[in-house]
Amino acid sequence: MPRSSHCGSPEHSLNRRAFLGATGAASVSLAADMTQLNALASPGVNDALKKTQKRVILLWLAGGASQLETFDPKPGASTGGPFRAIKTDVPGVMISELMPKMAQRMKHTCILRGLDTKNGDHGSAAITMMRGRRNEAAVRYPDLGAVLAREMGRADSKVPDYVTFYTQTEGRSMAPGDAGFLGARYAPMELTNSNYPEFIKRLADISDLDHKERSDLRELLGKQFVAGRSSETLSSQNEAYERVRGIMASEKLFDVTQEPQKVRDRYGPTQFAEQTLIARRLVEAGVPFVRVGRAWWDSHGQNFETHQEMVPELDHVMATLIDDLKDRGMLDDVMIVTLSEFGRTPSINASLGRDHFASAWSSTITGCGIKGGSVYGKTDDKGNKVVAEQVDAGSLFATIYEALGINPEKNYYVGSRPVPLVNPGIQAIKQVLK
Amino acid sequence: MRLRLLFTTALCAFTSITVSAADLPPASKPIPQVIDQYIDAAIAEAGVTPAGQADDATLIRRLTLDLVGRIPTTAEVDEYVKSTDANKRTQLVDRLIASPGFARHQATLFEAMFNPEGNGRGSGAFRQYMVEAVKENKPWDKIFREVVLANESDAKTKGAAEFIRGRLSDADKLTNDVSVSFFGVNVSCAQCHNHPLVHDWTQDHFYGMKMFLARTFDNGGFLGERGYGTIKYKPTKGPERTAKMMFLTGAAIEDPNSKEPTAEEMKKEKEALEKAKAAKTAPPAPKFSARGKLVEVALKDVNADFFAKNIVNRMWHRYFAAGLVNPLDQMHSENQPSHPELLAWLARDVAANGYDLKRLTRGLVLSKAYSRGSKYESSPPDSKLFAVARLKPMTPNQLATSLKIAATDPAAFVGKKPEELEKLLEQAEQAGRGFASLISQPGENFQIGVGEALLFSNGERLTKEFLTDGNGTTLGRAKTMKEPKEVAEFLVKTAYGRAATTDEVNAISGYVEKRKGREAEAYRQVLWALVTSPEFRFSY
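Each protein sequence line maps, in turn, to chains G and D. Heads up, the first sequence is in our numbering, so the first residue is 129 and it goes up one at a time. Heads up, the second sequence is in our numbering, so the first residue is 117 and it goes up one at a time.
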């Protein structure tokens with residue numbers, strides 16, 4: 129089944145062909161695949177959208193960070209734990225004392241405190257929170273990264289569309305990046321062993337010139353075959369090979385030592401900090417979506433020691449990233465999201481831990497079209513349930529899409545079945561959009 | 117009221133495509149002739165000129181890839197091209213279908229069909245079951261029976277039970293996967309609401325199908341089935357309902373035990389299950405098996421239409437790269453086949469001939485429609501006409517095995533006894549398996565990602581496992597040749613199974629001459645360029 133145009137009418141294929149003829153052989157691969165992605169990349173189409181190309185860095189707090197020790201503290205409550213709440217630069221908004229740096233930057237950030245996502249199982253909750261919905265028996269949905277790769281990536285891009293760092297071992301197999309029904313074209317570049325992608329470097333046994341000329345020879349030899357044949361898959365193969373040299377040239381983006389020492393010092397020496405800095409380098413170069421996974425939040429025992437150690441790192445890295453993007457004038461175009469598969473129970477267990485809790489937890493969105501300083505959602509005094517402005521995974525995703533200028537009701541097609549970006553009837557939270 | 121009306125219309129539409137047997141060509145007519153009769157008629161009606169027939173070298177490549185999952189050796193190509201035997205195509209098809217490679221390759225395809233998420237690498241037991249099933253040409257209805265009845269106490273069919281076993285924790289998925297695999301009907305939309313677009317499918321259908329499957333459970337490592345159990349569901353409108361076993365056609369099954377058991381019965385059952393567990397045997401089968409009823413009702417009279425059309429459509433898709441109905445899981449009244457009479461005839465034929473899939477396969481690939489060329493210089497006609505052959509991206513196994521064959525000195529395949537040759541080819545397949553696991557299984561709307569291009573461009577495995585130049589390899593043989601032109605011709609022939617064009621010879625020898633003194637490296641790069649280009653990556 130060719131994807132081609134949505135309705136598949138003959139007019140579309142006619143135009144496609146005319147376009148092909150007009151622009152010559154060089155753009156065969158571009159023209160033969162008129163997905164939304166390529167339509168965006170082709171000249172004259174939707175310039176406005178192209179100009180304001182948005183990008184996203186997702187800080188994925190794997191295992192489930194505690195909302196009570198971060199963005200929704202309950203000091204003094206029996207469930208509150210030992211840490212205080214502190215004032216922020218937004219009057220009336222308090223966050224945990226473990227986040228003093230973010231407290232000075234809340235004017236850029238929106239807190240969603242009313243997440244009720246119903247699922248406290250690591251594996252399936254990770255799937256839900258990366259996609260904005262559960263997979264169905266018959267539909268494997270693309271995750272946030274794959275959707276953004278499809279919506280904001282460019283066919284001829286010299287950088288990857290979707291990069292995900294997840295080097296810690298805890299929970300890694302539960303939350304792999306997944307393009308779902310969008311397929312291999314939008315699959316992530318996954319970095320699990322090092323900060324350096326696989327196969328991005330030329331092998332030692334071939335010179336750079338040979339590598340390049342070999343690829344030219346490949347293209348030349350393929351010409352005869354491609355003439356008179358058209359298929360989406362055929363075009364995708366050519367596109368993929370056309371991108372190889374560009375992506376190899378982006379190798380240095382992954383090399384954190386390319387960054388001035390001063391900048392590296394600002395972020396700090398931890399793995400999470402380095403990967404976040406690399407993420408900033410990537411989005412600066414046009415990568416639409418980068419996820420930085422930071423695991424070990426699953427604090428069933430000794431929740432407070434865990435968070436005392438980990439929250440300050442998150443605080444520092446997130447604050448530095450905001451400053452860095454702001455200094456570079458990128459905060460209006462780059463969105464930072466903090467998200468986990470779920471939060472943690474208000475009740476403190478016998479091991480002084482907090483367990484999985486999906487009924488009332490928090491996420492943050494910073495930058496792009498999000499109203500900085502806003503707080504949406506309210507939990508009760510002990511943090512046991514959402515009492516106002518509840519948010520589920522779907523409306524969180526609708527909000528992210530809307531802020532990025534993507535219509536959440538836009539349809540993809542799985543066979544003949546239209547599949548909107550978020551499930552039907554789900555709305556963005558208008559109150560936090562600029 | 118309006119809904120009711122639409123629903124009635126939909127049923128009428130469905131009836132209209134259930135073509136009356138009297139209008140169809142006689143059952144005795146050979147499959148290829150019937151295919152060409154209908155395909156050609158539609159092409160003529162559209163006023164389209166179809167692509168000409170593919171040449172011999174192309175056809176043997178296509179047939180070998182489709183039937184046994186690899187490219188032909190150059191010796192096989194030469195022999196086929198040279199032969200003047202009028203029956204050579206039929207002989208080739210029969211030879212390939214009879215070869216062990218057919219069972220292995222078809223089993224891999226069935227495995228990917230049954231477990232699309234497993235990237236073609238599911239449990240060994242299911243694959244082994246499918247290999248044996250294809251080998252002995254097990255009728256498709258028998259495979260259906262063995263998969264759905266899932267008898268684990270018979271070693272011969274134990275592998276088939278993996279299908280259900282792998283879905284035990286998710287009865288919704290099991291329901292939909294059974295329905296998709298065997299009936300071409302995706303009922304998942306109807307799980308939460310009546311299907312918004314297709315009035316054939318209501319929530320009653322989804323839960324009706326689920327009732328056949330939801331009583332299955334695991335008892336100490338053995339599949340069991342309860343003789344009772346109900347499913348209640350809340351329709352989008354109205355009060356809660358209790359589901360009734362119901363097939364897709366609306367045929368309902370009266371279940372004498374639909375009531376819940378008493379505490380006494382439960383206790384007795386529990387004891388029996390514990391006993392079976394302790395004895396490490398399968399739990400006692402229920403008097404009334406819901407899964408048994410599903411098999412019965414699905415194959416009965418007109419109900420079997422779904423079953424027969426689904427397998428025809430899937431096999432058609434396997435060889436023509438698109439179904440007569442697309443997508444394959446959307447067989448319903450509002451998604452008409454491109455050739456309704458042809459589908460009806462083939463479905464009748466396969467059912468009348470004991471669901472013999474080898475016979476169906478043979479019929480499909482011997483049609484003229486199958487052997488059309490894949491090139492079309494002007495604007496190609498509507499793909500639904502099957503007037504031009506479609507490109508098929510190779511599956512991971514096809515690609516890896518073919519790479520291994522292209523990298524092997526063609527002389528290694530010459531002058532071998534058939535068993536020896538078969539063994540070499542199986543070794544090539546084995547050698548490619550590891551690499552195959554790095555490649556994506558093509559599905560609907562398949563697109564090749566940059567990951568694959570990076571793997572081929574910079575991955576060590578391609579160089580180390582395939583592009584070596586020792587004795588017995590293509591590159592080793594190339595090193596013994598004097599002239600770059602000779603090497604160019606040799607490499608193109610080995611990779612593509614056809615003679616090189618002048619342009620290709622010039623481009624390649626030019627490339628090699630630029631690398632004087634390090635020809636071996638140059639040859640490796642040329643072979644890389646040949647096997648990464650689309651002519652190698654696709655079946656065309």
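Hints were generated in silico from the structure; no laboratory data involved. Errors might be hidden in some of the hints.
[As the list claims (entries may be wrong)] To give an idea of the interface, some chain G residues facing chain D are shown, with a C-beta separation under 8 Å as derived from the structure:
#1 Arg342
#2 Phe353
#3 Ser359
#4 Phe432
[Stated by the list, open to error] According to the in silico footprint, chain G covers these stretches of chain D (three or more CB under 8 Å from chain G):
#5 178 to 192
#6 411 to 419
#7 422 to 429
#8 505 to 516
#9 568 to 579
#10 638 to 647
In this text, a Cβ means the ideal position worked out from N, Cα and C, and glycines have one as well.
These are the hints, each one checked on the structure:
1. Arg342: Holds, because the Cβ-Cβ distance from Arg342(G) to chain D comes to roughly 4 Å (cut-off 8 Å).
2. Phe353: holds, 4 Å
3. Ser359: This hint holds: Ser359(G) lies near chain D, its Cβ roughly 5 Å from the closest one there, short of 8 Å.
4. Phe432: Violated. Min distance 36 Å.
5. 178 to 192: Coverage by chain G is violated here, the residue count being 0 at a Cβ distance below 8 Å.
6. 411 to 419: Since 0 is below three, the answer is violated.
7. 422 to 429: violated (count 0)
8. 505 to 516: holds (count 3)
9. 568 to 579: Check passed, 9 qualifying residues.
10. 638 to 647: Held - the stretch 638 to 647 of chain D has 5 residues with a Cβ nearer than 8 Å to chain G, which meets the minimum of three.
Consistency with the previously given hints fails for numbers 4, 5, 6 and 7, ordered from lowest to highest.
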